[in-house]
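With chain A fixed as given, assemble chain B onto it according to the hints.
Residue numbers (our numbering), protein chains in the order written: chain A, 69 to 388; chain B, 69 to 388.
Note that these hints are calculated values from the structure, not bench results.
Any given hint could turn out to be false.
Which copy? The list can't say, so a pair holds if one copy fits it or any two copies do.
Derived SDA-like pairs: lysine to any residue, alpha-carbon spacing no greater than 20 Å straight-line [stated by the list, open to error]:
{"no.": "1", "residue 1": "LYS158", "residue 2": "MET143"}
{"no.": "2", "residue 1": "LYS296", "residue 2": "ILE163"}
{"no.": "3", "residue 1": "LYS84", "residue 2": "PHE213"}
{"no.": "4", "residue 1": "LYS194", "residue 2": "THR121"}
{"no.": "5", "residue 1": "LYS194", "residue 2": "ALA184"}
{"no.": "6", "residue 1": "LYS101", "residue 2": "LEU313"}
{"no.": "7", "residue 1": "LYS84", "residue 2": "ARG229"}
{"no.": "8", "residue 1": "LYS373", "residue 2": "LEU362"}
{"no.": "9", "residue 1": "LYS296", "residue 2": "ASN324"}
{"no.": "10", "residue 1": "LYS297", "residue 2": "PRO85"}
{"no.": "11", "residue 1": "LYS194", "residue 2": "ASN369"}
Number of protein chains: 2
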Amino acid sequence: MEKIDEFFKQLTLGRKPINLYEPIYYTLSQGGKRLRPRLVMMATKLFDGNAETALYPAAAFEMLHNFTLIHDDIMDDAPIRRGQPTVYRKWNGNIAILSGDALATLALQTMLNTPARPEITLQLSKLIGQTSAEICEGQQLDLDFETRGDVTLDEYVTMIRYKTAVMLAGCLKAGAILSETSPENQEHIYQYGINLGLAFQLKDDLLDVYGDGTVFGKKIGGDIRENKKTYLYLRALQNADAESLSVLQHYFSSINFDEDEKYQAVRAIYDRLDVRSQTEKQIAEFVRSAMQELEAVHVQNDDKKQIFKDLLIELSQRNK
Amino acid sequence: MEKIDEFFKQLTLGRKPINLYEPIYYTLSQGGKRLRPRLVMMATKLFDGNAETALYPAAAFEMLHNFTLIHDDIMDDAPIRRGQPTVYRKWNGNIAILSGDALATLALQTMLNTPARPEITLQLSKLIGQTSAEICEGQQLDLDFETRGDVTLDEYVTMIRYKTAVMLAGCLKAGAILSETSPENQEHIYQYGINLGLAFQLKDDLLDVYGDGTVFGKKIGGDIRENKKTYLYLRALQNADAESLSVLQHYFSSINFDEDEKYQAVRAIYDRLDVRSQTEKQIAEFVRSAMQELEAVHVQNDDKKQIFKDLLIELSQRNK
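Just chain A, with the same shape it has in the complex (with noise of 0.2 Å):
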């Protein structure tokens, strides 16, 4: 990962308007799990692609991604990210908003510059331009969550589909698309990709209610203080007596609750409901399906595949 930073260090740093370009810099450079240019090149030595060319899909997904969350900060009122301050904290909403536009369109200008032939370069901007739709819809949805009471658990599925899980996908897309293998083959990788993101995000929910604060790294109950709809309290809500569902409504109708109380008082219910290991069945579900989208694809030297296995676990089954 490290020619992706020399990559990113080049394209941005003393580049000017420094208020446009160092905010972006800013982002890039906290570096977070770098899971998604990961994939790409995972997806590439695959399918024996260009190790070379993959760097410009990797950078591009890596830069989209950082695009979304200077946006979604905003939009959110976020003021920490990885232990720093957010774009729109640290500078202003107008830079947040300028800054993440520029990002996009610099993620976008990566994947055009991608040296392959033009086919190929066609196709990956036409999978990051779907990509960046898709996401863009998922955080519509997410938004208008917000002020609905009748969101149900496929909604909330599509909803992290969109929101989280296209863009891993994409990634693992990309690099097949650039390795040239087989449609199917591309397919089943994406697939692949859309079940990690979906185990991704639901052990994400998990570990906010039932992880370990001092293993996780943020503290956990941050989704019940919100009243985040999440797939533990869609799931509770859809088992729920009549008492529990009166005791979630009341807690889930404002953020001025003693913080401790109510996160007791919902994960109580939660265990009540059998929310925990239901969510747990639905990931393990979510890692089947990866599994066997993984087997579906064809290659000559199936030990390759291993690395795909060893990361749906190191996903699914981690504390943080």
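For chain B alone, coordinates are given in the frame of chain A:
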């Protein structure tokens, strides 16, 4: 332009999530001058390109333009655009950020779908990518200028080049690229567009002070009221004696003056410092440069250039 309207309708009307696509349809269906699609079609006709194919870049640039308006209106806290409430005011800031992001993505996707050879579609997409990056830079310069007291005329021209002229030039170049005319022709029509855009913006600055409010369509003196550092203001600063300078600085230090008093006082200084004729002279220079670039374009029948000359006259001599 009915085809463009039909295009926009199909792309956005009734699409979900409603809260994402309704503001986009709202913005695109307001019309406006449709100058950008017109430029794409003009260049396509000049270079004997395919008008059906040109609809894609024409629509893409108009969408990119409208995306910038949606985000600029948030940054400027603007209540009204084209006589209607801005997206930011009619919905809210979050929806304006997100529907702007989605519209920028739609613009890109439309360009990527241009039905041409992959090399050509890729060139067109790189062009809209570059245009988008430069517009972000121009907008950032504009924001930076608000708090700077030492902006030069050259810096101002650089800012409007990026913020306004590159998109007009990009539209013309798009028509040239898809018509597969020579690189020299592409460059000359691009530079024609740059000079057209610079003349267009300076005329806008001029009309804000010397226009006829009943014809101009918006209230005269808005730039003065908002302390906008226009070409006229910067030219006045350059020309000013100590007394004029002190009056100008006094009035540009706050927005809490009686609107009419401030306008009359500033205009009197502009008059005294000969700012109007100097601005007109600068516009005439840009028009002359544009004409030269147009002459350097090689086409079989020079009569086809007439419409470009007419447009220059139309935009640089307009009263609204």
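When no copy is specified for LYS84 and ARG229, does a C-alpha distance of 20 Å or less occur within a copy, between copies, both, or neither? between (36 Å within a copy, 15 Å between copies)
Taking 20 Å as the upper bound on the Cα-Cα distance, should LYS373 and LEU362 be classified as within, between, both, or neither? For LYS373 and LEU362, only the intra-copy Cα distance (7 Å) is at most 20 Å; the inter-copy one is 59 Å.
Using 20 Å as the alpha-carbon threshold, which applies to LYS101 and LEU313: within, between, both, or neither? Classified as neither: same-chain Cα gap 37 Å, cross-chain 55 Å, threshold 20 Å.
Alpha-carbon proximity context of LYS194 and ALA184, limit 20 Å: both (14 Å within a copy, 15 Å between copies)
Given a CA cutoff of 20 Å, do LYS194 and ASN369 count as a within-copy pair, a between-copy pair, both, or neither? Cα proximity of LYS194 and ASN369: none, with 30 Å in one copy and 38 Å across.
Taking 20 Å as the upper bound on the Cα-Cα distance, should LYS297 and PRO85 be classified as within, between, both, or neither? between (40 Å within a copy, 18 Å between copies)
Alpha-carbon proximity between LYS84 and PHE213, which holds within one copy, between copies, both or neither at 20 Å: between (39 Å within a copy, 14 Å between copies)
Within a copy, between copies, both or neither: which one fits LYS194 and THR121 at a CA-CA cutoff of 20 Å? Answer is both: 17 Å inside a copy and 18 Å across each meet the 20 Å cutoff.
Can you tell me if LYS296 and ILE163 fall within 20 Å by alpha carbon in one copy, between copies, both or neither? between (27 Å within a copy, 19 Å between copies)
If the cutoff is 20 Å on CA atoms, where do LYS158 and MET143 land: within, between, both or neither? Let me know, please. Both, since 15 Å and 17 Å are each at most 20 Å.
Pop the pair LYS296 and ASN324 into one bin, within, between, both or neither, using alpha-carbon distances up to 20 Å. within (14 Å within a copy, 43 Å between copies)
Of the hints listed earlier, those the structure fails to meet are numbers 6, 11, in rising order.
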